[in-house]
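Number of protein chains: 2
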Amino acid sequence: MKAITIKDIAKECGVGVSTVSRAINNHPDISEQTRKRIMEVIKQNNFVPNTTARNLKCIQTETIAVLIKGIDNPFFQSMIKVLEEEIQHRKYTFLLHRVDSNQDELEVALQLIKERKLKGIIFLGGCFSHDEKRLKQIRVPFVLSTISMFKNVDKNIYSSVSVDDINESKKAVDCLCDYGHEKIAILAAQPWDTSISGLRIRGYKKALEERNLPINEKLIRYTLDEENAFTMENGYKLMKELLQSGEEFTAVYAISDSMAIGASKAILESSKKIPEDYSVMGFDGLDICYYYNPSISTIRQPVEDMARETSEILFNLIENNAKNSHRLFEGELVVRQSIGRLNK
Amino acid sequence: MKAITIKDIAKECGVGVSTVSRAINNHPDISEQTRKRIMEVIKQNNFVPNTTARNLKCIQTETIAVLIKGIDNPFFQSMIKVLEEEIQHRKYTFLLHRVDSNQDELEVALQLIKERKLKGIIFLGGCFSHDEKRLKQIRVPFVLSTISMFKNVDKNIYSSVSVDDINESKKAVDCLCDYGHEKIAILAAQPWDTSISGLRIRGYKKALEERNLPINEKLIRYTLDEENAFTMENGYKLMKELLQSGEEFTAVYAISDSMAIGASKAILESSKKIPEDYSVMGFDGLDICYYYNPSISTIRQPVEDMARETSEILFNLIENNAKNSHRLFEGELVVRQSIGRLNK
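Protein sequence lines, in the order shown, are assigned to chains L and Y.
Just so we're aligned: the first sequence equals residues 25 to 368 in the numbering used here.
Just so we're aligned: the second sequence equals residues 25 to 368 in the numbering used here.
It should be emphasised that the hints constitute simulated quantities derived from the structure, not laboratory data.
All of these numbers come straight from a predicted model, not from anything done at the bench.
Careful: at least some of the hints might be erroneous.
As the list makes no split between identical chains, a pair holds if one copy fits it or if it spans any two.
DSSO-like cross-link-like pairs, simulated, lysine-lysine; straight-line CA separation at most 30 Å [what the hints assert, rightly or not]:
{"#": "1", "residue 1": "Lys-31", "residue 2": "Lys-143"}
{"#": "2", "residue 1": "Lys-115", "residue 2": "Lys-138"}
{"#": "3", "residue 1": "Lys-264", "residue 2": "Lys-105"}
{"#": "4", "residue 1": "Lys-35", "residue 2": "Lys-138"}
{"#": "5", "residue 1": "Lys-195", "residue 2": "Lys-179"}
{"#": "6", "residue 1": "Lys-160", "residue 2": "Lys-67"}
{"#": "7", "residue 1": "Lys-242", "residue 2": "Lys-35"}
{"#": "8", "residue 1": "Lys-67", "residue 2": "Lys-141"}
{"#": "9", "residue 1": "Lys-31", "residue 2": "Lys-138"}
{"#": "10", "residue 1": "Lys-105", "residue 2": "Lys-207"}
{"#": "11", "residue 1": "Lys-160", "residue 2": "Lys-242"}
{"#": "12", "residue 1": "Lys-115", "residue 2": "Lys-207"}
{"#": "13", "residue 1": "Lys-115", "residue 2": "Lys-160"}
{"#": "14", "residue 1": "Lys-67", "residue 2": "Lys-195"}
{"#": "15", "residue 1": "Lys-179", "residue 2": "Lys-242"}
{"#": "16", "residue 1": "Lys-105", "residue 2": "Lys-179"}
{"#": "17", "residue 1": "Lys-230", "residue 2": "Lys-264"}
{"#": "18", "residue 1": "Lys-138", "residue 2": "Lys-60"}
{"#": "19", "residue 1": "Lys-138", "residue 2": "Lys-242"}
{"#": "20", "residue 1": "Lys-347", "residue 2": "Lys-67"}
{"#": "21", "residue 1": "Lys-60", "residue 2": "Lys-160"}
{"#": "22", "residue 1": "Lys-35", "residue 2": "Lys-264"}
{"#": "23", "residue 1": "Lys-230", "residue 2": "Lys-143"}
{"#": "24", "residue 1": "Lys-297", "residue 2": "Lys-195"}
{"#": "25", "residue 1": "Lys-230", "residue 2": "Lys-297"}
{"#": "26", "residue 1": "Lys-296", "residue 2": "Lys-138"}
Could you put together the complete structure from these sequences and hints?
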């Protein structure tokens with residue numbers, strides 16, 4: 025079978041080759057009616073023009089960018105998997121773009137919109153505390169996923185999918201309190217992280233306050249460098265410092281599972297036992313927490329449902345011109361070997 | 025300042041608007057000389073045509089696809105990070121495409137080439153045992169990364185970056201033998217995986233044979249379903265079965281770190297100790313092996329160097345028309361708490 029050429033298409037449509045080319049390239053000098061007719065013939069014939077193939081392709085495939093801060097956080101892996109499935113399923117191109125921990129995700133997004141033909145953006149992870157004016161600069165639909173907004177930003181200008189970080193965090197600390205712990209340390213991100221980390225600290229304080237337990241600021245351990253805070257490495261480092269500080273505590277709550285694993289390593293390395301000496305609680309619901317020894321308690325975020333909802337909201341914004349919306353998911357408290365009852 | 029229009033460009037070049045459009049869209053009905061001249065004027069004026077902006081964009085951004093089998097394998101995370109940096113740095117679009125464990129990566133690649141404007145492909149992970157004829161169907165430069173080819177395929181038709189799986193695997197088993205172990209189990213992928221898993225089993229057998237140790241086929245534990253073999257879940261499952269089988273052994277070598285972690289969980293759950301009852305060895309060099317309790321011995325692959333070399337080879341193929349090449353990296357044996365000396 026001889027390959028179909030642009031000439032064959034032109035002949036079948038009864039137009040010149042340049043008209044077909046115009047149709048393909050979305051040129052303004054062609055009526056919408058003619059363009060539609062030509063594109064149909066092209067489609068019927070499965071025609072992919074040689075030299076203009078790249079342009080035709082570009083018209084067909086539009087891009088959704090997923091901007092991810094902390095790409096090496098395993099928490100995002102199953103989310104990326106679902107998002108990629110959903111985006112591919114809808115015939116969009118899935119563009120994964122890493123944002124460095126010290127980069128401003130809005131800057132990166134604006135640059136990407138300029139460079140690429142983005143139909144929508146999903147922001148995953150990071151500290152999201154931009155003000156309204158800056159958020160408004162993003163002129164394509166976007167969803168903040170697993171990110172809560174802290175500041176008072178008009179809810180109509182963005183969409184979001186997350187857990188209720190304050191309440192879920194409170195749940196984690198409540199659990200430790202229920203097991204008799206009163207001196208509970210928290211391993212947090214940078215003090216200037218007013219989104220996820222800030223909210224989880226609020227939940228931590230709320231749990232203690234409700235029980236009239238004193239808040240010891242020295243047990244709130246912030247990350248003090250610019251590095252990615254949510255890692256095993258950082259959890260290990262913060263825990264080492266805490267152990268060396270001499271502060272008294274019987275339980276530690278890390279605001280990510282990766283940090284909880286690093287913290288556990290630091291505890292075990294100093295010849296202390298989990299949970300006999302220190303109870304450990306994480307946050308996220310990574311599989312590795314089940315496999316760790318001892319298995320680590322956590323708040324499990326329903327990541328796959330959250331990823332599906334993120335894509336649902338985004339495509340509603342893009343394809344149905346829907347209004348921005350916000351969806352809060354509930355986390356699940358998972359109690360494992362890492363928590364012990366404190367006998368007072 | 026008034027925005028520059030396509031008409032201004034046409035005027036400056038002394039051609040008609042449609043000629044400029046043709047130049048932008050790489051239309052065949054225009055001489056290369058004219059096209060070059062027009063593109064230069066466009067460049068000088070920083071002109072981004074309105075309606076044809078999308079096409080111009082497409083000309084500027086070309087795509088490298090990274091096809092990954094086992095996207096949830098943490099082993100690939102740092103590789104993806106480096107590849108994405110390298111590809112973005114060279115101003116190409118980074119397209120991450122997940123391949124299901126039961127999908128044929130070549131089919132997926134051919135489909136992608138058809139659909140998108142790919143300049144090159146990187147294959148990450150999976151069982152790669154396609155024959156020469158099928159590999160030749162891929163008409164863009166590609167590199168198999170962390171994948172060894174098992175069958176006799178002409179080395180001139182593909183590029184590859186990997187460790188020497190046979191030798192590195194032998195190194196892992198040699199280490200266990202040096203600690204006095206003779207009855208060593210291996211947790212492997214499917215029997216039909218003749219690439220990574222097949223090669224690592226060969227290294228395992230080679231180590232035993234050189235020491236005149238008998239090979240007990242019952243200690244070679246294959247994955248028997250279609251699922252992703254290299255996971256914690258699968259390591260856990262295979263180890264449970266092995267423990268229940270009643271076969272005698274004193275050490276277990278899992279062909280991936282994730283499997284080694286799953287296996288460790290199964291051992292600890294059955295109230296056995298590591299390394300007192302069973303020594304454990306993994307393969308890959310994941311960070312989590314350091315953080316696990318006990319820390320797990322492994323063969324560390326230099327993933328970041330391997331990722332950089334992969335991108336180097338690919339861009340040499342694309343931009344300098346280089347010949348296909350093959351690069352073997354050496355792994356590093358890391359001995360940790362999970363290995364104990366066997367007193368006979």
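Against the structure, the hints:
{"no.": "1", "hint": "Lys-31 to Lys-143", "result": "between (32 Å within a copy, 27 Å between copies)"}
{"no.": "2", "hint": "Lys-115 to Lys-138", "result": "both (22 Å within a copy, 14 Å between copies)"}
{"no.": "3", "hint": "Lys-264 to Lys-105", "result": "between (34 Å within a copy, 28 Å between copies)"}
{"no.": "4", "hint": "Lys-35 to Lys-138", "result": "between (37 Å within a copy, 24 Å between copies)"}
{"no.": "5", "hint": "Lys-195 to Lys-179", "result": "within (26 Å within a copy, 58 Å between copies)"}
{"no.": "6", "hint": "Lys-160 to Lys-67", "result": "between (38 Å within a copy, 28 Å between copies)"}
{"no.": "7", "hint": "Lys-242 to Lys-35", "result": "neither (79 Å within a copy, 68 Å between copies)"}
{"no.": "8", "hint": "Lys-67 to Lys-141", "result": "both (22 Å within a copy, 18 Å between copies)"}
{"no.": "9", "hint": "Lys-31 to Lys-138", "result": "between (34 Å within a copy, 21 Å between copies)"}
{"no.": "10", "hint": "Lys-105 to Lys-207", "result": "neither (39 Å within a copy, 39 Å between copies)"}
{"no.": "11", "hint": "Lys-160 to Lys-242", "result": "neither (38 Å within a copy, 63 Å between copies)"}
{"no.": "12", "hint": "Lys-115 to Lys-207", "result": "neither (52 Å within a copy, 52 Å between copies)"}
{"no.": "13", "hint": "Lys-115 to Lys-160", "result": "both (27 Å within a copy, 27 Å between copies)"}
{"no.": "14", "hint": "Lys-67 to Lys-195", "result": "neither (55 Å within a copy, 56 Å between copies)"}
{"no.": "15", "hint": "Lys-179 to Lys-242", "result": "neither (35 Å within a copy, 61 Å between copies)"}
{"no.": "16", "hint": "Lys-105 to Lys-179", "result": "within (28 Å within a copy, 33 Å between copies)"}
{"no.": "17", "hint": "Lys-230 to Lys-264", "result": "within (26 Å within a copy, 43 Å between copies)"}
{"no.": "18", "hint": "Lys-138 to Lys-60", "result": "both (27 Å within a copy, 22 Å between copies)"}
{"no.": "19", "hint": "Lys-138 to Lys-242", "result": "neither (45 Å within a copy, 59 Å between copies)"}
{"no.": "20", "hint": "Lys-347 to Lys-67", "result": "neither (33 Å within a copy, 37 Å between copies)"}
{"no.": "21", "hint": "Lys-60 to Lys-160", "result": "neither (33 Å within a copy, 37 Å between copies)"}
{"no.": "22", "hint": "Lys-35 to Lys-264", "result": "neither (76 Å within a copy, 67 Å between copies)"}
{"no.": "23", "hint": "Lys-230 to Lys-143", "result": "neither (40 Å within a copy, 54 Å between copies)"}
{"no.": "24", "hint": "Lys-297 to Lys-195", "result": "within (24 Å within a copy, 34 Å between copies)"}
{"no.": "25", "hint": "Lys-230 to Lys-297", "result": "within (28 Å within a copy, 41 Å between copies)"}
{"no.": "26", "hint": "Lys-296 to Lys-138", "result": "neither (53 Å within a copy, 58 Å between copies)"}
When each numbered hint is compared with the structure, violations occur for hints 7, 10, 11, 12, 14, 15, 19, 20, 21, 22, 23 and 26.
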